[in-house]
Amino acid sequence: MTRSLVRVSPGVSLPTPAEALAGTVPTFVVHRSYNNAGLLPDLVVRAQRVCTTDAAVGVATRLPVQTPTAARKFLNSVSTATLRFADPEIHTLPGPNIAPHSRHLRFATRYNYASAAMPATPNSTWVREVLDAQHDAGANVLLSASGWVGSAQSAQQLATAISFVTATRAELGSDDPMFVNLTLDTAWLTDATLRARLLQEIVESPEPLWWLRVMWPPIRPNPYSQLTATTLLNAYRELAQVASDEGKVLFLPNSGLTGWYATALGASGFSTGMSSTERAYLNQPPPSGGGGNPPRERVFERNVLHTILRTDQPPLTRQAGYQACGCAYCQQLANGPWQQKVEQLHYLLNGAELTATLGRTGRRAAGHARVQQADTFNRALSGAATLTGESEPKHLTEWEALLR
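As numbered in the numbering used here, residues 1 to 404 make up the sequence shown, in order.
Just so you know, these hints were derived from the structure itself, not from any lab. Glycine is no exception: its CB is placed at the ideal position from the N, C-alpha and C atoms. One or more of the hints may lead you astray.
To be verified - Here are the simulated DMTMM-like pairs of lysine to aspartate or glutamate, each with C-alpha atoms no more than 20 Å apart in a straight line:
no.	residue 1	residue 2
1	73	136
2	73	54
3	341	42
Unchecked claim - The calculated label-pair distances, taken between Cβ atoms and stated as ranges, are:
no.	residue 1	residue 2	range
4	196	324	40 to 48 Å
5	317	73	37 to 45 Å
6	205	38	55 to 63 Å
7	238	72	17 to 25 Å
8	132	311	33 to 41 Å
9	95	384	19 to 27 Å
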């Protein structure tokens, strides 16, 4: 397959959109956070230099939390990104199929499709408004005008969502790439019957591209922790493997490093972001701010694939086999005070590097080797270096077993 001629700096080639949409390379999607979006264009370029042709770097922005002008400005600022998504976040709209804990988004009424409740049945005018909003923002790949799929009256909810997918395809035509856009209650993965129904829909659908956001139960002890629920991790493995076996391109937005784990197993990409709300879509009210309290100083530690308390990091650096991160963001932190936004950029750049490792050799083998390396390092820790509490990487043993 021909490589793209788009370059972020001399000598750096990028995967083409066609490669990313075919799943030929894994895709790392940076999900724009509400704050500090101005830092992301530079991050995207750095991520592309890390990934080169081994992985595509995409971006996603949330339409209802910004004005149409701001959305266009942001996507234009990351124009080198292989895939650019303008997420209409249909699951947050008032109506019979609104997701739990959704709240009125500040700029929703600035978009025609979001100025009133979502229609109970699809109509071409509303579907076209959803597509136009994405086009106008500068997206180069579209999401269907569908949203929340709850687990109560599950068959009806899924059928309704798919009717909006069908209407979107009819409005769009057969040539333009479109992801089936579903936001799913946790039970669609954890309940065997619902999971089988979802997998059947994916397998039998003529649509090749799937953008599946899954609502997780709250993560303990903090939202920066990794997913450890065995039932969900097993379900992600089955979902990813079925998608791969059936030639479906599966993207998992707002899934953090769990999305990376699933990409190693057969998914084609995932999204994550600077804040906890972009790293996981949780069944709990969204954070309302820190109440004036300074954020706890945390850092993503690449040696254990986990975000730990900063005070727990120094003993790790003295352990055999420790591999220091040499990214520009770590250098900035080393030469000055801790800044949350800089640490978050360090996390994202490491996420890009992890995704690139999956594109260099067999994805599952590469993912297993990376997790096994982290698990081995963690098991060797002793004394003051032992990670406990919220710094303990409890997910590693489970991931290592499931990736074998």
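Right, here's what the structure says about each hint:
1. 73 x 136: holds, 11 Å
2. 73 x 54: Judged against 20 Å, a Cα distance of about 28 Å means the pair is violated.
3. 341 x 42: holds, 13 Å
4. 196 x 324: 40 to 48 Å: holds, 46 Å
5. 317 x 73: 37 to 45 Å: holds, 40 Å
6. 205 x 38: 55 to 63 Å: violated, 38 Å
7. 238 x 72: 17 to 25 Å: violated, 39 Å
8. 132 x 311: 33 to 41 Å: violated, 50 Å
9. 95 x 384: 19 to 27 Å: violated, 54 Å
Hints 2, 6, 7, 8 and 9 from the list above are not met by this structure, while the remaining hints are.
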